[in-house]
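Undergrad: Below are the chains, spelled out letter by letter.
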Amino acid sequence: MQHRSLTKILARSLALVIWMLATTAGAEESLPVEKAIVTAPPNVPPPITRTTPARVVVELEVIEKPGMIADGVEYTFWTFGGTVPGGFIRVRVGDTVELHLANHPDNKLPHNIDLHAVTGPGGGAASTFTAPGHKSRFTFKALNPGLYIYHCATAPVGMHVANGMYGLIYVQSEKPLPPVDHEFYVVQGDFYTDQPFGVKGHQAFSMQRAIDEHPSYVVFNGSALSMVGDQALQAKVGDRIRIFVGNGGPNLVSSFHVIGEIFDTVYFEGGQKTQNDVQTTLIPAGGSAIVEFKLDTNGTYLLVDHSLLRTFNKGALAMLKAEGEQVAAIYSGKELDEMYLGDEAVASALRKKHPTPLAAKTAGAGAPDGRTLFANNCAMCHQAEGQGLEGVFPPLAKADYLMARATADDRSELVDIILNGKTGRITVNGNDYNAVMTPVSGLSDADIAAVLNFVTTSWGNTGARPFTTEEVAQGRAKIGSKAGAATP
Amino acid sequence: MTGAAAWAPALLLLAGAAGAALPGSTAAAAGGAAVVRIPAGDFAPLFGLDKGQESFPVASFWLDRRPVTRALYAAFTAAHPEWRHDAVNGLYADAQYLKNWDGDRPHAGQEDYPVTYVSWFAATAYCRAQGGRLPSTLEWEYVAAASRTQPDATGDRAFVAGILDWYARPSRGDLGLAPVGGDPNFFGIENLHGSVWEWTSDFNSSFITADNRADGDRSRDFFCGNGVTGAARRDDYAAFIRYAMRSSLGATFTLGNVGFRCAYDRAPAAYERGTS
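Going line by line, the protein sequences match chains G and Z.
Mapping of the first sequence onto the working numbering: position 282 corresponds to residue 282, and the numbering continues sequentially without gaps.
Mapping of the second sequence onto the working numbering: position 116 corresponds to residue 116, and the numbering continues sequentially without gaps.
Hints listed in this document are in silico derivations from the structure and should not be mistaken for laboratory results.
Beta carbons are placed, not taken as given, at the ideal position from N, Cα and C, and that holds for glycine.
Please note that a few of the clues may not be correct.
[As the list claims (entries may be wrong)] As a list, the in silico EDC-like pairs of lysine to aspartate or glutamate whose alpha-carbon atoms are at most 16 Å apart:
(1) G/294 to G/261
(2) G/321 to G/239
(3) G/65 to Z/165
(4) G/65 to G/34
(5) Z/99 to G/410
(6) G/478 to G/410
(7) G/135 to Z/165
[Said to hold, decoys possible] Below, a sample of chain Z positions facing chain G; criterion: calculated Cβ distance under 7 Å:
(8) 109
(9) 111
(10) 165
(11) 169
(12) 170
(13) 171
(14) 172
(15) 240
(16) 251
(17) 255
[What the hints assert, rightly or not] Here are a few chain G residues that sit away from chain Z, every Cβ distance over 10 Å (derived from the structure):
(18) 106
(19) 381
(20) 385
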């Protein structure tokens with residue numbers, strides 16, 4: 001009796017299993033099939049609008065190819081789809097993803113893919129291990145929503161990743177993210193070359209630097225040039241921005257920051273939880289984050305790794321340009337720029353009481369000393385070597401603005417600038433300056449000639465005729481100095 | 001390699017071979033012999049050593065100085081028509097077999113290129129027809145570890161970096177190839193690096209030991225963390241890449257960047273013929 005009922009239970013269980021298998025298979029077969037739109041960086045495929053699962057076919061091709069990691073610096077990248085990072089994949093939670101990996105016949109090496117969005121051993125690595133000139137396929141169900149890194153996992157895995165083999169797959173949750181005006185795709189990576197940053201020509205991978213975790217390049221989207229100048233990300237004032245940010249590594253953790261913006265929302269670690277009002281978000285190697293912000297005023301916003309030496313010395317810089325009007329209520333631009341003398345204030349006051357140039361006195365000899373005059377009157381702003389301060393005080397050293405006027409027929413404008421100061425926007429060596437230069441008082445014509453001779457013959461400046469006291473006097477007469485004549 | 005002492009007999013053997021190669025001997029002929037005697041020695045491959053084991057002994061064998069050329073392979077298919085491109089059994093080679101030939105012949109000018117688009121079965125049949133066999137992975141790695149001046153240069157960073165730089169660049173099919181021949185290494189063997197990948201007799205066995213029961217806990221997966229467990233030298237990326245490459249292959253695969261050379265247990269007829 002007991003034996004019979006056991007048999008019965010077994011038979012029923014078997015029937016149930018068969019029914020379940022049949023229905024599962026039926027459900028899989030009935031899924032609508034669609035081909036995924038896979039986009040190259042910095043583009044993101046459009047949001048998925050369907051509300052039910054599909055069978056999504058994703059095709060990736062591994063391509064080994066040389067590219068530019070920085071200006072004039074070539075590196076052989078190993079890529080998913082010909083770009084670093086590889087193509088952006090977008091699916092929806094519950095989708096069944098059929099992943100095809102092709103390894104181009106011109107490639108030298110076997111490759112595979114481990115997607116962090118996969119539940120299952122190796123994330124697909126073993127199932128997609130593919131020799132050059134071959135292709136493979138595996139299928140997984142996207143069980144967890146979120147933003148995931150994918151990468152090659154072939155030994156030596158660190159080298160495959162260090163050569164650019166990573167990208168992002170976004171598994172959209174059932175409740176999609178709110179619409180925005182622009183979605184961008186940015187992935188940071190560290191690179192290891194034999195030669196230091198910026199050495200031109202083809203650069204080979206350095207195994208030792210990689211093992212030591214001493215990158216020579218840290219860049220967004222595979223190149224220091226990927227999103228600067230004409231390649232900058234473009235948007236308009238008022239736009240809402242969403243950036244899907246990944247960190248391919250292989251070694252470094254990113255302190256992702258956008259200069260001049262505050263992230264309104266961060267889906268930290270690429271998950272479902274959010275944090276608001278974030279300045280810098282940490283992105284681990286092999287991890288991600290989704291950041292959102294609104295462009296409230298115009299300008300160029302810089303995407304950086306706030307481990308700043310990577311930005312300034314290793315290439316971790318990208319640009320987002322917001323076209324449109326400046327919104328002064330939010331950001332005024334520079335409202336004030338005037339001299340702050342600090343400890344120099346006392347000396348300056350003394351100088352005004354004793355109009356005879358200090359330099360002329362201290363120089364001892366009768367002829368004024370241009371170098372000393374410059375040090376006492378000009379170097380506070382234009383700096384000791386005439387190099388200026390970028391964006392604040394224009395340079396005099398090798399300055400096109402200065403030397404164009406110093407080599408003109410009529411050079412009275414330079415006398416005018418010294419005597420009356422200068423206000424308004426000027427461009428020097430391609431950089432814009434919009435500051436106020438205050439008049440320099442207390443200089444004789446001989447002093448002005450001496451200081452002009454000094455600045456037009458120093459720091460590599462050449463080509464100007466010598467200034468004479470007579471020329472300065474004529475210039476002063478011509479412009480009608482508002483500062484008044486100096487005491488002779 | 002366990003040390004200089006282990007090398008003394010090997011060097012003597014090499015010297016012996018050179019001594020025997022006096023006037024008239026093929027080994028001293030211009031351009032060198034087609035086949036070179038490799039002295040016995042000890043070698044620590046990247047994979048396969050047991051815990052506490054420092055090396056495997058490698059018996060002396062003979063090895064083709066250069067990869068098998070297309071001209072040599074054409075002579076083989078002429079003599080063994082079952083290996084012609086249009087007659088080969090699909091069980092032994094995939095559809096790309098010899099696809100970069102002009103019918104039965106290599107393209108003009110490519111006769112001395114290494115043969116590619118050949119399967120493991122085809123390579124094995126070729127070597128058997130020469131009275132030889134494919135080298136084992138251990139033998140291949142043992143010889144390929146030699147730089148020009150060192151029998152085992154696996155610890156020489158510059159040597160490994162040079163190999164790695166070649167691995168890092170795409171193959172580009174025949175565009176990336178040239179006629180065989182190049183700088184001989186310590187053993188007098190050429191083109192082990194910088195030309196084509198080469199079939200070995202046990203190309204896909206890097207995680208299988210002689211005793212299958214011991215394999216239970218070993219992963220054949222060559223990925224991520226699994227790749228380094230059991231590796232003898234975790235910083236020998238060049239060797240990792242070779243083992244990964246071999247593991248990605250199937251015996252019927254034919255690739256544009258995989259060729260082969262033959263090994264022999266005793267002095268082959270080819271040795272007596274002299275240069276290739």
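Undergrad: Which hints, by number, does the structure contradict?
TA: 4, 5, 7, 8, 9, 16 and 18
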